[in-house]
Amino acid sequence: MIRIKCPYCGLRDHSEFNYIGDATKIRPVSPELANDEEWFDYIYIRDNPRGVHQEYWQHITGCRSYVKVLRDTVTHEVLKTGLPSDDLLFSYEAEK
Amino acid sequence: MLSTKNNQQTKRLSSGGLIDRSKPITFKFDGKPLMGYDGDTLASALLANNIKLVGRSFKYHRPRGIYTAGTEEPNALVALRSNARTEPNTRATNIELFDGLEAKSQNRWPNLFLDFMQINNLAGPLFTAGFYYKTFMGMPGWHFYEHFIRKAAGMGSTELERDPDAYDKKNAFCDILIIGGGPTGLSAALTAGRSGARVLIIDSSKLLGGQLLWELDQIDSKPALQWIESTLEELKEMKNVTIARRTTAFGYYDSNVVNAIESVSDHLPTPEPHTVRQRLWQIRAQKVIIATGATERPLVFSNNDRPGIMLASATRRYVNQFAVKPGNRAVIFANNDDGYKTAVNLAEKDINVRAVVDSRTHVNQFWKTKLEKLGVEIIPGSAVINTHGHFGLTGIDVASLSADQKSTSSQSTFMSADLLAISGGWSPNVHLYCHAGGRPQYEASVAAFIPGVRSQSEYPAGASNGAFSLIDCVTEGINCGNQLVTELGFSKTGFSIPQTDEPTVTPIKALWRIPGKGKKFVDIQDDVTESDIKLAHQEGYISVEHLKRYTTLGMGTDQGKTSNMNGHAIMAEERGEDIETVGTTMFRPPYIPIAMGPLAGRDIGQSYSAKRKSAIHNWHHENGAIFVDAGQWLRPQYYLKNGEANTTENMDVAITREVQGTRGSVGIVDVSTLGKIDIQGADSSEFLNRIYTNGWTKLAIGKARYGLMLREDGIVFDDGTTSRLSEDHYFMTTTTSNAASVLSHMEYCLQVHWPDLDVKISSVTEQWAAMAIAGPKSRDVLQKSTDEEDLSDEALPFMGVNQISINGIPALIFRISFSGELAYEVNVPADYGEYVWRRIMEKGKTDNITPYGTEAMAIMRIEKGHVAGGELDGRTTPDDLGLNKLISSKKEFIGRRLLKREGFLDPKRPKLVGLIPIDGKSRIRTGSILVKDPNASLPMPKLGHVSSGAYLSPTLKHPISLGLITGGTDRIGETVWATSPLHGETNEVKIVDPVFYDKQGERLNG
Amino acid sequence: MSKYSVLGLIKNAFNDNKNWERAWRDPEPKKHYDVIIIGAGGHGLASAFYLAKNHGIKNIAVLEKGYLGGGNTGRNTTIVRSNYMLDENALFYEKSLKLWEQLSHELNFNVMFSQRGVLNLANSDSQMDAITRRGNTMRLNGIDAELLDRRQVKKMIPYLDFSKTARFQIKGGLLQRRGGTARHDAVAWGFARGADQLGVDIIQNCEVTGFKTKGNNIEIVETSRGPIGCGKVGFAVAGSTGHLASKLGMKLPIESHVLQAFVSEPLKPIIDHVVTFGAGHFYISQSDKGGLVFGGDIDMYNSYAQKGNLPLIEDVVTAGLAMIPGLSRLRIVRHWGGIMDMSMDGSPIIGKSPIDNLYLNCGWCYGGFKATPGSGWVFAHTIANDAPHELNAGLNFDRFRVGRSVDENGGGPVPNRH
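Protein chains in written order, with this note's numbering: chain Y, 3 to 98; chain S, 507 to 1512; chain L, 16 to 433.
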C-alpha cells in the first residue's frame, strides 16, 4: 500500500485514490494557438521516467480532490504531495 | 474413540515440555486413530506415536519424514481436515493439534508404504533437470503428453468445494511494529513500550518467546521461560502495547505497510459461531522492527532425505517443547557449534547420542569437556557421506574430510542410528527485509546472507540480522527499540542488558556439499539434487535465476527456506566465483503460503460487488420485473404479468406489450440510474461550452439541450441532456455506465485545467429518482398526477424544463424524449420516488399505463436511431455516428483539435446506418459482421458490424438493427450480408436510414 | 551442437549426464555488429533468431543488462491466444499462434505449448454482444472461436459459480480451443539456444548506458562492457523502453506499469483450461507443475519496480472467489510483478522510429508473451527490410498522430483502461 498525503484529508491509503497519470502534461492554455505536434504530445506522449515522477491521483473516495504527487517509480516512495498548481519537482529539487 | 489406556505415545517423555498431559487429544492420520496432547503440533504428535514416514517426495516419490519443527518444513505436507474444509499441502509442523483432527498423507498411490510412482526414483538419471525441455517435441503435441505428466506432478488435491468458513479484514496503526516475539522482539517491545510509543508486537505462534521456548538457555541465571513470563507480564500492563498471537507477517509492502494473517480458528475443529477462520491484517507502521529469527540449514550429502534425518534445532525443539524423542540412537552432523549444543540437549533428554560428526577440525574445550562427561564421541574433520534405511533411517557412513573439504577418505565407518540431527549453519530470515526493497549481502563470518542497506523504515535485529547468540539478540532488541523511540521523539528508558550463560563460539566453517556419489538433495521438497545444479551449470544456466527456473530450486511451498543458500553456494563453487558475486534470488511475498479466503474477506457471493437499487426498486419487484445487471445497478428488463413464466416467448410478449402500450397510449420507465450532476456557478455556461461539442451559452433558462462529450482524442465519450434551471445553475444527465467517469472528467477539467472558472459540481445521482413517462397520453397522465400545473405546449414545450409540484412534492420535469413519443422525464427527491411512481401508475390506470423495462426502451431508441452503448464503444467519432450537427464550429471544446486527423477522415470508416433483413423476418444478431460476399475466402474483408439489434420491432412488425458500415448512409438502398459464423447464420440485409420511425419527429408533440 | 531427443536423454542418463553441452555460448562483445537487439527476453531473442534464420543476417548481437529471459518473459502468466477483434491485432497474433504451434519442433526445445483452450466468460448481456462481435470477427479472420452458452460452459467447467448466490451470473463464453499456455522460461531458452546456434552473440550482464548518434543515426551503443558499433538497433526491452528511449532524448506513447501475478501451492490437476472472468479482472490456469497461476489488472500507477502492492492482489483474489468459490482455502505461495509497457491504445508498437536506424518493439501491455514468436518474426522482417511486414504495418508508431489507434477495448489514451 502506498500512503499518500492528501492536502485536505491527510495521510491516506492509495486504494482511496484513482490514479490519473503524468502531471507534467499541461493542456494547451490557448487551444486554438497550439499546433498539431503540441496536441499530439499532450494527449499521447508520456514522461514515464525511471525515478522521480510528477503525477495526479484523485482522492476519489475522500474529498475528490486531484492531488499532485511526486513519487519515485522505482521505490514507490512518495516524496511530496500538493495541489495541481504546485510545481513539486521544482520545490523538491530546491529543498535538496 | 481412543481411550487413554490405548495411548501409544511410545516416544513421549514422561515429563517436561510445554504440553498439557491432562488434556489428551485424539486425532487421525491416514485413517489411523492416534493420541496427542494439548500443546502438540501434528508433527510432534506423530513423532510421539513413533510415526516417521509422513509423505512422498515431489518427483522421485521417495519416502519422507518430518524434517523440521517449524514454518520451513519442506517434507511433512499433509491434507488437513476433510470435505469442504480440506486444506492440501499443510505443514504438519505448523498445525496445532485439535480434537478430531484428520490428516492424510499426499502424493502417493495407493498408499504411503506402497507407492507405484517410486519407479521415478530408479529412472532418476533420466529425470534430471531440464528433462522435459529436451523431449516430447513431436506430434501429437505437448497437450497430449501433458495429460499424463500433469497427473504425476502436483502435490495435494482439492475438489474446489465451497468454503463453509468466513474471513475478515482488520486495519491497524502503530508507531513501532515488532515482527516476532522471540528474545529480540520482546526486548525491543519492552524498551519501546516503556517509552510510551504505540507498539504492536505480532508472533505467528500461540506462545511468545520464539526459540527461547525450547532452548535450555538461562537468562540472569534463571530458565529463559521465566524471563519470557516476566517480560510478557510487564508488556500486558502497558496500554500502549498490543500483542497479537498466531499472527504471521507475510509481506512488507510500500510505505511501511505490513500485512499479516491471523489464524483465529485454525487450532479449533471448526470456528466458533460468528467467528472467522482467519483475518487479514493491514498494519501501517512508522517503524518496523524485523525480529523474525533465522532458519537452520541442512547439509548436502548422499541420501540426506530419509525419514529420521532432521535439522538439529528441530530435534531440540521436539524434546524440549513437546517432550518427544524423535529417535533413540542419534548421531549429530554439523559444521558449527549447534551440533554440540544439540548433543548435550538430546543426551540430557535420555537419547543415546552416539557421536557428533564435525566437519571442522578445531573443537572448543568447553564442549569437549561436556561431551566427554556425557560419553558422546566427537569425530572432528569428518562428514556423514551416506545414509541407510528405506522407510526410516537405520544407519550412516562417516568418513574423514580433506582439508579443502573436496574429498573424503576412502575408508568409512558405519554407525547405526535412527536419528541424524544436522546443522549446516543458520540463514537469517531476511524475507520481509527483501520485500521492503532491501538487498541482502553475503557475510562470510556467519556463512549467510544478512540484511544490508535499509530501503524503508525496516530495522532487522537479532538472528534475522545475523546475530545468532542470545545475548546479541537481546542487546540488538534493546538497542533497536531505544534508537527508534528516540527517532520518533519519545524519551529513552533504562533497561539493563541481562546475563546469559552461552559459551564462546567457534566460528562456522561453510560446508555447502559433502563429496560422494548418490542423490544429494538440496531442495528436498522439489527433489532438486546437487547433480541437477551441476548439470544446470554445465549447460550454461548459471545465474541464480536460471538455476531456480531450470531446476525448480526453491520453488516449492517452502520457497527455498532451507535450500536456497546451499543451492546458490554450490552454483558459486561450480562457477568458481564467490557467493556475493553469484548472489541470491529475490524473496517474494508471501513469507508463508496464505489462503485466498482472507484476501477476499467479506466480499464474496452477493457481496462481491455493491448492488445498487433505485428508489423505485420495491415496486418493480412487486410487479413482476425481471431484473438485469447494468454495472452495479439492477434495472427492470421487462415485466411479466400475473402467471407468466419467465420464458423466451413470454419475454417477447412482455416487450411487445410494453412497446405497444407506450406508443399506443402511455408507458413509464425508471431512469434513476442515469448519472445526474448538479452544476452551479457564474461560469457554468462557459464550462459546459468547453466540455460539450455543441454551444451552451445561448441556452435559455428553463430549457434542456442534448449534449455530446468527446475525449481529448476526439472519440465520442458520452451523451446526455443538460438543463438550465437558472442563470448559474444546470442539471446534467449522463449515461448510466459513464456516470462516474464523466464526473471525474469534469472534476479534472475544473481542478486541473480551468481552476479559474467559477463552477461547482456535485453528483446527485442518488439524490433524485427519475422516471420517464412517454406516449401520446403521457401529458394527460402527468397532468392528473400534478397539482394543477400547466403542462401545455406553451408552458412546457419540447425541450422545456419546469419545476413543479406533484401532490406537494417538488419535481423537476424535463420534456425530453428517448422513445420519440411525447414524453416527460420526472425527477423527484429519491425518498419520494416510489410514492410518485405509484401515484402516476394510479392516475394512469384509465389510460392503461404500461411500465416498461430496458428491453422496450432499447427497441424504441433503435426505432428512433438513437445511439447508445453499442455505438458508443470508445472507437467512434461524431461523424461515424451521424452527430456532426452537434459539432460547433464557433468555439473550442475538448476533443475538437483532433477531429481532423487523417484517420478520422478516412472514407473507409464505418458509419451509422439502419439495417433490415431482406426477408423481413430473420433476426439479425448484435455482433454480426457485415460483409459484401459471405463466401469470400478468409481472412474475409469486413465492411462493418451490427451494433444494436431489435429482433422484432413491435411498431414496424419486422426486425431492425443499427450498424456501422463503410460508406454509411451513402449506401442506403444497397444490400449486404450480416453474418454470425458463431451461430452459423448469414442473412442478407438492406441498408436504410438509421431513423426507422417518425423521422420528422411529429410524435414528440403527442 | 547436438540435437535434443529421447535417445540423447537415455544415452546421457547412462553416461552420468556428463556430456550435455552448453545451451548457448557466453561470448565477449565484438567491436561492431550489423544488428544489435537490446533486450534478451523472448522478443529480443526471437527477433535475433528470425533475423538470422529468415533474413540471413549473420552479425547479430543481443545485449542483456541482466540474465536472458529475466524480465517479463519469466514473469507472465504464460497464456497464448489470438482472440482479438481488430484486424491489426488479430492477424498479427494469429501469425504468432501459428508459429507457436510449430515452435518446439522449430527450436528443438520443448516450450510445452499446451493448446488446452482459452475461455473468456461473459457475465452480462452486453458482454455477450461484445464477445459475439469479437468471435465473429475472429472466424472471418480464419481464427477458431466458439460461442458457448451458460449450459455449455457449465458442462465444460462445472466448478465455476453457477449458484444463485453469484453476484453476476455466467451468461456464456467465447472459447478459443487453439489457445492455451506455454512454459515461459523455455521460450527464452529455446530461442536463445536456437539463435546461438545460428551465430548470434547473446551478451548477458551488458547494460546499455547510452548512445552515440551521427545525424539521425545511432553509431555506437555504449554499454557496461564497452562501446559497440552498430548498423541497426532494435529495442525489445518492454517496460524499460521509456527509460532506454530517454537516453536518446526520445519520449514515447508508453507508460510503464507493474502487473502482478501469483501462484498457488502445487495441486493435482483440477483446472484444465485458461479461464477469464467477465465481471472482474481475473484469469486462471494450472501449470504443469500443479500451481494455479492467477493474474488480473495492473496496479494502476507508473512503476519500474518489479513488485506491486496487496490491494491489487486482494481485488484479483476477490474476483477469483466470485468466479470459483472453491479457491478460498487454497494458498498463494508467491506473488511477483513485471513491468508492462502500456501503450496509449492497448496495442503494441512494432516498426520504425523517428531515428533512421532504430526500430521499436514495445507497447505490449498485457499481450507480450503470446506475441513472442510473431513479434520476433515481424520485427526481424522490419529490421531486415527497413519496412514493416503487412502484419505489423498497422501497429506503427505514427498511428496515434494520424488518428488510427488500434483500440481493442475503446479505452482511449489512458493505459489504465486497457
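Keep in mind the hints are simulated off the structure, nothing from the lab.
There may be inaccurate statements among the hints.
In silico BS3-like links for lysine-lysine, alpha-carbon gap of 27 Å or less [what the hints assert, rightly or not]:
1) K186/L to K1023/S
2) K68/L to K33/L
3) K640/S to K186/L
4) K1025/S to K283/L
5) K529/S to K7/Y
6) K876/S to K728/S
7) K73/L to K26/L
8) K18/L to K1406/S
9) K1266/S to K7/Y
10) K1147/S to K26/L
11) K179/L to K675/S
12) K1147/S to K1463/S
13) K640/S to K529/S
14) K1266/S to K27/Y
15) K186/L to K1117/S
16) K1117/S to K1209/S
17) K179/L to K113/L
18) K1040/S to K227/L
19) K27/Y to K179/L
20) K262/L to K640/S
21) K1397/S to K27/Y
22) K266/L to K640/S
23) K912/S to K179/L
24) K1117/S to K179/L
25) K998/S to K1015/S
26) K283/L to K534/S
27) K1448/S to K26/L
28) K27/Y to K113/L
29) K262/L to K98/Y
30) K98/Y to K7/Y
31) K538/S to K283/L
32) K640/S to K304/L
33) K1448/S to K227/L
If you're wondering where the values come from, they're calculated on a predicted model, not measured in any experiment.
Legend entry - Non-conforming hints, listed in increasing numerical order: 1, 2, 3, 5, 7, 8, 10, 13, 16, 17, 18, 19, 20, 22, 23, 25, 27, 28, 33
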